[in-house]
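Number of protein chains: 2
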Amino acid sequence: MKKSMIFLVSSLLLSTPSFAAGDAAAGKAKSATCVACHGAKGISTNPIYPNLAGQHAEYITAQLKAFKSKKRINAVMDPFIQALSDKDMEDLGAYYESLGAGSDDSSGGGRRRRR
Amino acid sequence: MKKSMIFLVSSLLLSTPSFAAGDAAAGKAKSATCVACHGAKGISTNPIYPNLAGQHAEYITAQLKAFKSKKRINAVMDPFIQALSDKDMEDLGAYYESLGAGSDDSSGGGRRRRR
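Protein chains in written order, with the working numbering: chain A, 1 to 115; chain B, 1 to 115.
Think of the hints as simulated: they come from the structure by calculation, not from any bench.
Hints should not be assumed to be uniformly reliable.
Calculated cross-link-like contacts (lysine-lysine; reagent style BS3-like; alpha-carbon spacing at most 30 angstroms) [what the hints assert, rightly or not]:
#	chain 1	residue 1	chain 2	residue 2
1	B	LYS30	A	LYS68
2	A	LYS41	A	LYS70
3	B	LYS70	A	LYS87
4	B	LYS41	A	LYS65
5	B	LYS68	A	LYS68
6	B	LYS71	A	LYS68
7	B	LYS65	A	LYS41
8	B	LYS87	B	LYS41
9	A	LYS28	B	LYS41
10	B	LYS28	A	LYS68
11	A	LYS30	A	LYS68
12	A	LYS30	B	LYS28
13	B	LYS71	B	LYS30
14	B	LYS70	A	LYS65
15	B	LYS41	A	LYS41
16	A	LYS70	B	LYS87
17	B	LYS28	A	LYS41
18	A	LYS71	B	LYS68
19	B	LYS41	B	LYS65
20	A	LYS28	B	LYS28
21	B	LYS70	A	LYS70
22	B	LYS65	A	LYS71
23	B	LYS70	B	LYS41
24	A	LYS65	A	LYS30
25	B	LYS68	A	LYS70
26	B	LYS87	A	LYS71
27	B	LYS71	B	LYS28
28	B	LYS70	A	LYS68
29	B	LYS71	A	LYS41
30	B	LYS30	A	LYS71
31	A	LYS87	A	LYS65
32	A	LYS87	B	LYS30
On the chain B side, residues computed to face chain A include the following (Cβ under 7 angstroms) [claimed, not checked]:
#	residue
33	GLN55
34	HIS56
35	GLU58
36	TYR59
37	SER69
38	ARG72
39	ALA75
40	VAL76
A quick note: this is a predicted structure, and the numbers were derived from the prediction, not measured.
Yeah, the Cβ is synthetic: ideal placement off N, Cα and C, and Gly gets one too.
Start from the sequences, fold in the hints, and give me the full structure.
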């Protein structure tokens, strides 16, 4: 009983932090190649590309990892993804989440245009 | 290299006009099953699920079609996707785009919490 409680508690403790929080400032520095499609502030001007501003860091990181492992396949992302480490993907997730959905974007793209 | 560039350019050219604008009001009515994961206003409370509020309609519709065709695979989406017609997916895209990124969400989920 005691043993199974320890197992339960430790597996709960282990399960949540499987997502490592990234560093938004580092992510900003790494986002230079993302800008062409996803916009300077994470708001893409072409509607075939997703807005990233304010998206959950965990979701963004998971998708980047899926692209890298080819679980999710996209020809446009492919040339960029292989160079990214897990840390890079976590930092990028943290950066785009930190922008917030109503991020100041002077280009007036996607979301804000439609408010 | 040249071949892949031609493929990339032609697929970009082809992808734009194939998108038919959906009906946001109809999409709202069809979004009932989406709420559990993506939130009442398209802001998901669990960071593993994407926020949809203010996302480009065309991107959302393309992803729904990719789930249906199994080009993009996700076990959670799978039970819901097969029942959706192209029109349903276009309407859902239009609805979530229409919400805008700063949509009033009394549950205070994802994006707004981080502003």
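Against the structure, the hints:
1. As the CA atoms of LYS30/B and LYS68/A are separated by approximately 33 angstroms, the hinted pair breaks the 30 angstroms bound.
2. Proposed proximity of LYS41/A and LYS70/A is supported: the alpha carbons are some 26 angstroms apart, at most 30 angstroms.
3. Straight-line distance between C-alpha atoms of LYS70/B and LYS87/A comes to about 29 angstroms, which keeps the hinted pair within the 30 angstroms bound.
4. Only pairs whose Cα atoms come within 30 angstroms are accepted, and LYS41/B paired with LYS65/A is accepted, the gap being roughly 27 angstroms.
5. Restraint check for LYS68/B and LYS68/A: satisfied, since their Cα atoms lie roughly 22 angstroms apart, inside the 30 angstroms limit.
6. Restraint check: the Cα-Cα separation between LYS71/B and LYS68/A comes to about 16 angstroms, which is no more than 30 angstroms; the hinted pair holds.
7. A distance of roughly 27 angstroms separates the Cα atoms of LYS65/B and LYS41/A; the hinted pair therefore holds under the 30 angstroms criterion.
8. In summary, the hint linking LYS87/B to LYS41/B is supported, as the alpha carbons are separated by about 21 angstroms, within the 30 angstroms threshold.
9. Restraint check for LYS28/A and LYS41/B: satisfied, since their Cα atoms lie roughly 28 angstroms apart, inside the 30 angstroms limit.
10. For the proposed pair LYS28/B and LYS68/A, the alpha carbon gap of about 34 angstroms is over 30 angstroms, so the pair is violated.
11. Restraint check for LYS30/A and LYS68/A: satisfied, since their Cα atoms lie roughly 16 angstroms apart, inside the 30 angstroms limit.
12. At most 30 angstroms may separate the alpha-carbon atoms for a hinted pair to count; LYS30/A and LYS28/B exceed this at roughly 37 angstroms.
13. For the suggested pair LYS71/B and LYS30/B, the alpha carbons sit about 23 angstroms apart, so the restraint of at most 30 angstroms is met.
14. A hinted pair counts as satisfied when its Cα atoms are at most 30 angstroms apart, and LYS70/B with LYS65/A qualifies at roughly 18 angstroms.
15. Restraint check for LYS41/B and LYS41/A: the C-alpha separation of about 22 angstroms stays at or below 30 angstroms, so the hint holds.
16. Taken as a hint, the LYS70/A and LYS87/B pair is honoured in the structure, with Cα atoms around 29 angstroms apart against an allowance of 30 angstroms.
17. Of the pairs offered as hints, the one joining LYS28/B and LYS41/A holds, with about 28 angstroms between alpha carbons and a cut-off of 30 angstroms not exceeded.
18. For the given pair, LYS71/A sits about 16 angstroms from LYS68/B by alpha-carbon distance, which is consistent with the 30 angstroms threshold.
19. The hinted pair formed by LYS41/B and LYS65/B meets the criterion: a straight-line CA distance of about 22 angstroms does not exceed 30 angstroms.
20. For the hint pairing LYS28/A with LYS28/B, the CA-to-CA distance comes to about 35 angstroms; that exceeds 30 angstroms, so the pair is violated.
21. The hinted pair formed by LYS70/B and LYS70/A meets the criterion: a straight-line CA distance of about 14 angstroms does not exceed 30 angstroms.
22. Note on LYS65/B and LYS71/A: the hinted pairing holds, with a Cα-Cα distance of about 17 angstroms set against a maximum of 30 angstroms.
23. A C-alpha spacing of about 26 angstroms is found between LYS70/B and LYS41/B, which places the hinted pair at or below 30 angstroms, so the restraint holds.
24. A distance of roughly 16 angstroms separates the Cα atoms of LYS65/A and LYS30/A; the hinted pair therefore holds under the 30 angstroms criterion.
25. For the proposed pair LYS68/B and LYS70/A, the alpha carbon gap of about 18 angstroms is at most 30 angstroms, so the pair holds.
26. The suggested pairing of LYS87/B with LYS71/A holds, with an alpha-carbon distance near 27 angstroms, which does not exceed 30 angstroms.
27. Under the criterion of a C-alpha separation no larger than 30 angstroms, the hint pairing LYS71/B with LYS28/B is consistent with the structure, at around 25 angstroms.
28. Taking the CA atoms of LYS70/B and LYS68/A, the gap is near 18 angstroms; set against the 30 angstroms cutoff, the hint holds.
29. For the proposed pair LYS71/B and LYS41/A, the alpha carbon gap of about 29 angstroms is at most 30 angstroms, so the pair holds.
30. Among the hinted pairs, LYS30/B with LYS71/A is consistent with the structure: their alpha-carbon atoms are about 28 angstroms apart, no more than 30 angstroms.
31. Distance restraint check for LYS87/A and LYS65/A: the Cα-Cα separation of roughly 11 angstroms lies within the 30 angstroms cut-off, and the hinted pair is therefore satisfied.
32. Between LYS87/A and LYS30/B the alpha-carbon distance is near 38 angstroms, which puts this suggested pair outside the 30 angstroms criterion.
33. The interface hint given for GLN55/B holds, since its Cβ lies 6 angstroms from the closest Cβ of chain A, which is under the 7 angstroms cut-off.
34. Taking 7 angstroms as the C-beta contact cut-off toward chain A, the hint placing HIS56/B at the interface holds, the least distance being around 4 angstroms.
35. The interface hint given for GLU58/B is met, as the beta carbon of that residue sits about 4 angstroms from the closest beta carbon of chain A, less than 7 angstroms.
36. Annotation: TYR59/B was flagged as interfacial toward chain A, and the flag holds, the nearest CB pair being 5 angstroms apart, inside 7 angstroms.
37. Restraint check, SER69/B versus chain A: the minimum CB separation of about 12 angstroms is more than 7 angstroms; hint violated.
38. Below 7 angstroms, beta-carbon pairs count as interface contacts, and ARG72/B has one with chain A at about 6 angstroms; its hint therefore holds.
39. Interface restraint check for ALA75/B: the shortest CB-CB distance to chain A comes to about 11 angstroms, outside 7 angstroms, so the restraint is violated.
40. Interface restraint check: VAL76/B against chain A, minimum CB-CB distance 12 angstroms, threshold 7 angstroms, status violated.
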